[in-house]
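Participant: Listed below, chain by chain, are the residues.
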Amino acid sequence: MQWLDLQKRARYMRAIRELFWADGFTEVDTPLVVARPGQEPYLDPFVTRVEDAAGRPHTGYLITSPEYAMKKLLAKAAIGEAPEFEKIFQLSHVFRNNEDFGGTHNPEFAMIEWYRLGADYHDLMNDVEHLVCSLAGTETITYQGKQISLARPWPRMTVDEAFQKFAGRTDANELADADVSEFYKIFLNDVEPKLRELAHPIFLTEYPASQAALARKKSDNPKVAERVECYIAGLEIANGFSELTDGVEQRTRFVEEQKERASLGKPRIELDEEFLTLLPLIPKAAGISVGVDRVIMLLLDRANINDVIFWPCRDLFDQA
Amino acid sequence: MASVTEVKKGSVIKRNGELFLVTLSEHISPGKGTPFTRAKIKSLTTGKVLEETWKDNEVVEIVEVGYNNMQYLYTDGTFYTFMDNTTYEQVQLDADTIGDDAKYLKDGLEVVMCVYNEQPVAMELPRKISYKVAEAPPAVKGDSTSGNVQKEIVLENGLIAMAPIFIKPGERVIINTDTGLYVERDNS
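So the protein lines, in turn, are chains E and V. All residue numbers for the first sequence refer to the numbering used here, where the first residue is 9 and numbers rise by one. All residue numbers for the second sequence refer to the numbering used here, where the first residue is 5 and numbers rise by one.
In short, the hints are calculated from the structure, not lab data. Some hints could be false.
[What the hints assert, rightly or not] Below are the DSS-like pairs computed for lysine-lysine, each with C-alpha atoms no more than 30 angstroms apart in a straight line:
1. Lys202/E <-> Lys52/V
2. Lys202/E <-> Lys12/V
3. Lys173/E <-> Lys52/V
4. Lys13/V <-> Lys202/E
5. Lys18/V <-> Lys202/E
6. Lys172/V <-> Lys16/E
7. Lys193/E <-> Lys46/V
8. Lys107/V <-> Lys136/V
9. Lys155/V <-> Lys132/V
10. Lys136/V <-> Lys16/E
11. Lys193/E <-> Lys18/V
12. Lys274/E <-> Lys155/V
13. Lys107/V <-> Lys18/V
14. Lys59/V <-> Lys44/V
15. Lys193/E <-> Lys107/V
16. Lys44/V <-> Lys193/E
17. Lys154/E <-> Lys107/V
18. Lys193/E <-> Lys12/V
19. Lys13/V <-> Lys154/E
20. Lys44/V <-> Lys202/E
21. Lys132/V <-> Lys154/E
22. Lys59/V <-> Lys274/E
23. Lys13/V <-> Lys193/E
24. Lys46/V <-> Lys202/E
25. Lys155/V <-> Lys172/V
26. Lys110/V <-> Lys13/V
27. Lys18/V <-> Lys16/E
28. Lys202/E <-> Lys155/V
29. Lys59/V <-> Lys193/E
30. Lys110/V <-> Lys46/V
31. Lys173/E <-> Lys59/V
So that you can see chain E by itself, here it is in the shape it has in the complex:
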């Protein structure tokens, strides 16, 4: 924590809110404590006990992302019940247990997540450029001694192209199905280090379909999903997609994830039936989340997330 940096952080938070309101988005504040959190097998939600006044207990979870609730609102907008929710954003903290204390992670972190009807992942890339460039206010930033040009448009590359270019592999999509761990090992060892060296941000697009549980498959290439991630100086700052709105397929993917959680010995999380009922009411939509703390790290040229957040877990729980 640095008090001067935290003052700047406060200004960035305000700027983000004002930017989204100015762009016609409505701010929503959906619950942080929920009964049905995300199913992602490798994310561990914080578990808590919610009791009513009579002491009747319920299992509650802190959200790993406001995704389900926000998509429910999109559905309500699509059917005309809440038209102002066709463009929504939420700037809030999200929680993921079993993460590193520091570096690029903190178990509690700030996320700006936004959705809108009628959009796809191309729109999201333009949004991210607009957001980061507006906050930076300059064409070039310096991060850890390296100049990074924010000149738009930022380069875009499919995962398949990135594997070819950086790892000499032509089988990214097949590999993700055959041996997902090997896929990620190559990604982490060969692709990601190259992304760190780039003198500009980059969007990686079109992930293997198996690596995007809530994304729509690309119509002309069902092997890949319309998912996009953004990297700046090697920092992963955004993850979004053209939303899957097929309730049947979504249920199938959730059940697969439930099985995977079970095989890892993790507690079962029940499906959010309201979400599955509302999802098919969305005709077409896209949404993305940006890790706000990491963007602030970039803008303030700080190497450790703990320098830009209020009382990181490292300070709260790890005094040694």
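For chain E, the structure is supplied; the task is to place chain V on it using the hints.
Facilitator: Relative to the frame of chain E, chain V by itself:
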């Protein structure tokens, strides 16, 4: 053998007879498939640093090491001498092993020494250290109007840091050794 998930910063691992100190360990969980541990390891024989990515189901040999509290005494430039707080025995670490952390050392600083086979192999700094400010240029009127001005200050041991303009010589400041950054004025 132990799971790579048990490897922490400061662990010592053994591979093909060679000892490595783990200087950084980062947990990575991609959406699917096994999570990974990414580590920077430094050979305790050659000083060479390797960056490794392990699947979380891989195993490594973690060597049992001791951690003793010691006090920094002095350096001749090549070796750094410390005193064991319990035995009063003096031990030395060479400059290569200490690396960049040397800049944080000051007389009497308490550190944790990682000891293997009765030999010190690595030093761990406290995460936050309080230093007396030796030099700090006076604040210039008008500096604060831009809201975020910092200045360079020199600490009692020669360490240079960026600090807010209100810091004066003789005050104490806290530096975070994870990041090298000024944290706050030490009012204790």
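Participant: Evaluate each hint against the coordinates.
Facilitator: Evaluation of the provided hints:
Proximity of Lys202/E to Lys52/V is assessed by CA-CA distance (about 21 angstroms); at most 30 angstroms being required, the pair is judged to hold. Simply put, Lys202/E and Lys12/V have alpha-carbon atoms about 26 angstroms apart, close enough for the 30 angstroms limit, and the pair holds. Between the alpha carbons of Lys173/E and Lys52/V the distance comes to roughly 29 angstroms, so the proposed pair stays at or under 30 angstroms and holds. Restraint check for Lys13/V and Lys202/E: satisfied, since their Cα atoms lie roughly 25 angstroms apart, inside the 30 angstroms limit.
Taking the CA atoms of Lys18/V and Lys202/E, the gap is about 29 angstroms. The hint holds against a cut of 30 angstroms. Proximity of Lys172/V to Lys16/E is assessed by CA-CA distance (about 23 angstroms); at most 30 angstroms being required, the pair is judged to hold. Proximity of Lys193/E to Lys46/V is assessed by CA-CA distance (about 21 angstroms); at most 30 angstroms being required, the pair is judged to hold. Between Lys107/V and Lys136/V, the direct Cα distance comes to roughly 15 angstroms. Compliance with the 30 angstroms bound is thereby established for this hinted pair.
Under the criterion of a C-alpha separation no larger than 30 angstroms, the hint pairing Lys155/V with Lys132/V is consistent with the structure, at around 20 angstroms. Proximity of Lys136/V to Lys16/E is assessed by CA-CA distance (about 27 angstroms); at most 30 angstroms being required, the pair is judged to hold. Between Lys193/E and Lys18/V, the direct Cα distance comes to roughly 22 angstroms. Compliance with the 30 angstroms bound is thereby established for this hinted pair. For the given pair, Lys274/E sits about 50 angstroms from Lys155/V by alpha-carbon distance, which is inconsistent with the 30 angstroms threshold.
With a CA separation close to 28 angstroms, the supplied pair Lys107/V and Lys18/V stays within the 30 angstroms bound. Taken as a hint, the Lys59/V and Lys44/V pair is honoured in the structure, with Cα atoms around 14 angstroms apart against an allowance of 30 angstroms. With a CA separation close to 36 angstroms, the supplied pair Lys193/E and Lys107/V exceeds the 30 angstroms bound. A hinted pair counts as satisfied when its Cα atoms are at most 30 angstroms apart, and Lys44/V with Lys193/E qualifies at roughly 16 angstroms.
As the CA atoms of Lys154/E and Lys107/V are separated by approximately 24 angstroms, the hinted pair is consistent with the 30 angstroms bound. Pair hint Lys193/E plus Lys12/V holds up; C-alpha atoms about 20 angstroms apart against a cutoff of 30 angstroms. The straight-line distance between the Cα atoms of Lys13/V and Lys154/E is roughly 26 angstroms, inside the 30 angstroms bound, and the hint therefore holds. At roughly 17 angstroms between alpha-carbon atoms, Lys44/V and Lys202/E fall within 30 angstroms of each other, so this suggested pair holds.
With a C-alpha separation of about 27 angstroms, the suggested pair Lys132/V and Lys154/E falls inside the 30 angstroms cut-off, and the hint holds. Between the alpha carbons of Lys59/V and Lys274/E the distance comes to roughly 19 angstroms, so the proposed pair stays at or under 30 angstroms and holds. Only pairs whose Cα atoms come within 30 angstroms are accepted, and Lys13/V paired with Lys193/E is accepted, the gap being roughly 21 angstroms. Proposed proximity of Lys46/V and Lys202/E is supported: the alpha carbons are some 22 angstroms apart, at most 30 angstroms.
Between Lys155/V and Lys172/V the alpha-carbon distance is near 11 angstroms, which keeps this suggested pair within the 30 angstroms criterion. For the given pair, Lys110/V sits about 23 angstroms from Lys13/V by alpha-carbon distance, which is consistent with the 30 angstroms threshold. This hinted pair does not check out: Lys18/V and Lys16/E have alpha carbons roughly 44 angstroms apart, beyond 30 angstroms. The suggested pairing of Lys202/E with Lys155/V is violated, with an alpha-carbon distance near 34 angstroms, which exceeds 30 angstroms.
A C-alpha spacing of about 8 angstroms is found between Lys59/V and Lys193/E, which places the hinted pair at or below 30 angstroms, so the restraint holds. Pair hint Lys110/V plus Lys46/V holds up; C-alpha atoms about 24 angstroms apart against a cutoff of 30 angstroms. A hinted pair counts as satisfied when its Cα atoms are at most 30 angstroms apart, and Lys173/E with Lys59/V qualifies at roughly 24 angstroms.
Comparing the model with each numbered hint stated earlier shows that hints 12, 15, 27 and 28 do not hold.
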